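Peer 1: Sequence:
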Amino acid sequence: MRLLQLVTAALLPFTALAAKKSSDRFQTNHAKQLSNSGPVKLDDKAYNDLTKTPRDYSVAVLLTALEARFGCKLCNEFQPEWELLGKQWTKGDKKGEGRLIFATLDFGDGKSTFQSLMLQTAPVLLLFPPTTGPNAKPDNIPHRFEFASGYFAGGFQNQFGMETQIVAAMYGILSFATISLALKVPRMTDPRNQQIAVFVWCGVILGMYSFLLSVFRIKNGGYPFWLPPF
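Residues -18 to -1, 1 to 212, numbered by mature numbering (1 follows the signal peptide of the UniProt record, and there is no 0), are exactly what the sequence shown covers, in order.
Hints are computed from structural coordinates only; laboratory data are not their basis.
If a hint is listed, it holds; no wrong ones were tucked in.
Computed list of lysine-lysine pairs in BS3-like fashion (alpha-carbon distance at most 25 Å, straight line):
hint	residue 1	residue 2
1	Lys55	Lys23
2	Lys93	Lys34
3	Lys77	Lys34
4	Lys34	Lys3
5	Lys3	Lys76
6	Lys3	Lys14
7	Lys77	Lys3
All figures in this text were calculated on a predicted structure; none of them were measured in a lab.
Start from the sequences, fold in the hints, and give me the full structure.
Peer 2: Written as structure tokens, this is what we have:
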């Protein structure tokens, strides 16, 4: 027990030193954020220094590629919004009470970082939570936000080969059944035949729409809805 107390006492100065260095890093970068009135510009060395542990603050880093030779249209479109967000945060948190640093790392200044993260696209937003203090998270894995929603939305709409004809045929049958149910069935004079026609066309619509959903689920496995019998 005495040995454990001695070891703990010996380690306390190192713990205090690490906490002090973390606080110093925050104050230094917060001062840069105030002087820039927006996100701090980083390079590989500054990125590693800002995001290393222990860390009693949060860091939001935008990894981007703004040079014209990269042709990243989305990077240039998002950059003004990012700058405005960082400016507004800095303006409202001049004392640094939020313990959050906004930073930007351009590919031209951070090639090694992009390679270490194995990034193939830009922009990418990384949010590093604190590792020490009252708001510390149990792990040091940053939250990664990739601007890929446009790709997925477009991917759902793309159809190739026979898929185009299959889907077109299903829509055609659904349209014909709906028109028949709405226009032709009400004009039938025989009540019995009219009732049979209602059940038949409703069955066709149910079955075909169920099949359409099953085809959609094959292509988009994460789609949660389905309809019997398919």
